[in-house]
Amino acid sequence: MSCHDAREQFSALIDDALDAGERAALDAHLATCADCRRELQRFRDTVGLVRAAAPVRAPAGFVDRVLEATRPVPWPRRLVRDLFLPWPVKLPMEAAAIVLVAVGVALVYRGSPELEQSIRQEPAAPVMTQAPRDTPPEVKASAPARENEDSRELYGARREKAREQDTPREPEKAKEAPRAQERVQEFAKEPGAVSRDANLQKAPKSPDSQAPVIGKLEAPASGAERQRAAKDNVRSGTTQPTERRADSLKAQRPASAPPTAAAPSVTSAFVPPDVSGQLAVSDRELALRSLKELAARLRAVETRRFDTSDGPIIELAVPRETYAELNSGLARLGRWRPGKEPSTLPATIRVVVRITG
Amino acid sequence: MEGRTGDDASLVDRLRRGDPRAFEDLVIAYQHRVFGVALRMLGNRAEAEELAQEVFLRVHRAIGEFRGEAKLSTWLYAIASRLCLNRLASGERRMARHGDEALTRLASREISPAEEVERSELETALHRAIAELGEERRIVVVLRDLEGLSYEEIATALELELGTVRSRLHRARMDLREKLERFLP
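Protein chains in written order, with numbering that gives the first Met the number 0: chain V, 0 to 356; chain U, 0 to 184.
Looking at chain V on its own, in the form it has when it is part of the complex (with noise of 0.2 Å):
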């Protein structure tokens, strides 16, 4: 046995791991050899140190730990601990929902004021622009005046503009033309003139209690409008009530806003005509009579006239056929400016002559 091969069995040797002939053949070499000896000591001390070697011990708390991982996780805790690893997936996942959910409660809070008006908005419009055209003339009392009274005053400046998108609409024109027809006669009982002035002043005073909507009505309207309603007043006189002059006023003005862009010198008109001009006139009386004429000549019938402080206004309905005609014929009365005409005329025109001089 070679001095190597002796030394190759020397861990068998200290475990007492050889057989009973290995065991002998190393026994007859270490005899022999010295520097065997010696190495096979120095191999059992190195193995002596080694287990020598400090015990290890499991830290404190590690058999808790243990028994704590085995335990039954309760399914809440089960499903946050799923919920929440592994973080790297998770927790980038759980941010952008985060974000999501903050940028979605922020465009639904940006979006609620527009959502809120609109929502304002929405009874009040139809109220409006229905209540006064779906009660009857007969029944026109003060009360769905009170009751929109305060909406009104709200959304007098929508409600303007409410009146312009309306005006396009023809069913409308066609429920105003009865209307005017009977306002028209309404007009023909009323008593003399009054003047346009003394009224404006009258109307808030008017032991009517409507007299004060009216005013409250016309708070936000134009001008022109207000102007447009005191005349009404005028025409109504005391005999008629006064809350039906507001009702049909507001019942006309849905479709008030001419569509010919009519010069706002047509006061006289609830119904925007179609034409409208100022006819100058040496002899009023003359060139009444001679429009009526005229106008009989013309199949045109006067629908409506109003007597002002500054002349008379007479409004026709001129059949198409004879619209030309009744330019020249008002031209020879007097001097007649005649305001912008429609691109299209109607079968009948609606001409507003008004009369000066």
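No lab work stands behind these hints, which were simulated from the structure alone.
Warning: the hint list may mix true and false statements.
Lysine to any residue pairs mimicking SDA-like chemistry, simulated, CA-CA at most 20 Å apart [claimed, not checked]:
hint, chain 1, residue 1, chain 2, residue 2
1, U, K178, V, E7
2, U, K70, U, E146
3, U, K70, U, R32
4, U, K178, V, Q40
5, U, K178, V, A51
6, U, K178, V, A53
7, U, K178, V, R37
8, U, K178, U, E135
Position chain U against the provided structure of chain V, taking the given hints into account.
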């Protein structure tokens, strides 16, 4: 060894019967040995504790599968060794190579200050020498000289031939003999 085997047999019986105290007794009985293997192999206390916990959790889950063909201790060492070698083989613990400082703090026996200095030096050298062994040799010497397993038990735990265990152990000891030369009398 005989006594422990007897304890293991009753412990295994209790574990199989579902005795709630049995698992706790198992952890108490084996915590230091399992943690010791993990620490010697990984060189890092935190990592060693994590791995030791994993060993017991696996035992807890798989206790029903334990046949009793090997000793309970061998089964535990087998699980611990496999987990250690797997972890060492994986790249996830390359940062945990600085186990030397942790290893120097392992000594906890009551010794004199002079002894402590000497011991500390020896311990440091010893653990460094063990740590520097190749993983396959290291596990064999840990199981044999530090944990006291027989060649057969090591062969069972590591699923190796007896000859392989013997030769690896011898190579490991030869390495250690050279490294610890200056501490030898």
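Here's how the hints hold up against the structure:
| no. | hint | verdict |
| --- | --- | --- |
| 1 | U/K178 <-> V/E7 | 18 Å, holds |
| 2 | U/K70 <-> U/E146 | 14 Å, holds |
| 3 | U/K70 <-> U/R32 | 14 Å, holds |
| 4 | U/K178 <-> V/Q40 | 16 Å, holds |
| 5 | U/K178 <-> V/A51 | 16 Å, holds |
| 6 | U/K178 <-> V/A53 | 18 Å, holds |
| 7 | U/K178 <-> V/R37 | 17 Å, holds |
| 8 | U/K178 <-> U/E135 | 18 Å, holds |
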